[in-house]
Amino acid sequence: MRRALLILAILVAQPLVADSNLPPAYWANRQLPDAAQEARAQALMAELRCLVCQGQSIADSDAELAGDMRDLVRRRIAAGERPSDIRAWLVQRYGSWISFKPTDEPAAWPLWLAPAVLLFAGAWLLRRRIRLRAKR
Amino acid sequence: MSRGLRLIPVVLLIWVIGGFAWRLIKPADPAIHSQLINRPVPAFVLPAALPDKPGLATADLATGEPRLLNVFASWCIPCAGETATLNELHRRGVRIDAIAVRDTPGAIRDFLDRHGDPYDRIGADERSNAQISLGSSGVPETFVIDGRGVMRHQYVGALTAANIPGVLRQMEEAR
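Chains as they are written, first to last, in my numbering: chain D, 1 to 136; chain X, 1001 to 1175.
So that you can see chain D by itself, here it is in the shape it has in the complex (with noise of 0.2 angstroms):
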């Protein structure tokens, strides 16, 4: 009796869900019908980053607004939009923190030498070492 009591109310009761009031947007789960604009539309969903989920693509993520931003997304390219313009009207917006492909703003200048300096400092090392071996 108790146990046909809980499963009673578990298949009652309602999640307390905090989903919008309306379906996904017509773009956001549903490809374009020409395949290179929808090419063009994948490839730049993976690399904007989910306002809400923030680790995951809005390619990815499930999230409303990340549906919403799929299909602005999709109708933008529809239109004729390249997607770095679109890109960039999404990082005036919200910082270059939503492209999740790197900058070459001088903020990100240290990133892109970082693998010069290195091998450098290990080329150096390596001479050096070679250098005291010969000597012995």
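Incorrect hints may appear among the rest.
[Said to hold, decoys possible] If the Cβ cut is set under 10 angstroms, some of the chain X residues that face chain D in the computed set are: (1) I1032; (2) R1039; (3) A1107; (4) G1135.
[Claimed, not checked] Some chain D residues judged to face chain X by a derived CB distance under 10 angstroms, without partners named: (5) L72; (6) W89; (7) Q92; (8) W97.
Since the hints were derived computationally from the structure, they do not count as laboratory data.
All values reported here derive from a predicted model rather than from experimental measurement.
Glycine is no exception: its CB is placed at the ideal position from the N, C-alpha and C atoms.
Chain D is already provided as a structure; the job is to place chain X on it using the hints.
The following block gives chain X in isolation, referenced to the frame of chain D:
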């Protein structure tokens, strides 16, 4: 190898541990702030969310007096939590407009009947487009907009009674 070079790994270790400790003690702020502060409100035109209340367009936000723009939704629980604060601001003469994100007229009507209606205008943003063009990333958020339609301040998350003096001061400064 010289003594100085030998210390490098130790220094690096201390630096990394220090970095972890700093972020553990003082976690990063996960709120996303709009980059459009001190810029004009981006162009948008939203239809009326309710039959008996006008919709909202960018031009409605440059009326010569400062206004609050509240981004809300009836399905958002923190939004219900901030209604008392918005009503109090409205009572003190603050003009408030709203963007209702992904919402239906019936649900908005119920929400306003239950929590009070401080809004002059409510625009219906069915695909979060206006929200995204503002640089807003969730509900609720509130923007202080000056008389020329320039976004001056942004509040991410629900307003509380503690925000009232600050908002009133910013509204005065935005005059």
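Consistency of the hints with the structure:
1. I1032: 6 angstroms, holds
2. R1039: 9 angstroms, holds
3. A1107: 5 angstroms, holds
4. G1135: 4 angstroms, holds
5. L72: 6 angstroms, holds
6. W89: At 8 angstroms from the nearest chain X Cβ, D:W89 passes the 10 angstroms test, so the hint holds.
7. Q92: Cβ of D:Q92 sits 6 angstroms from chain X, so the hint holds.
8. W97: 7 angstroms, holds
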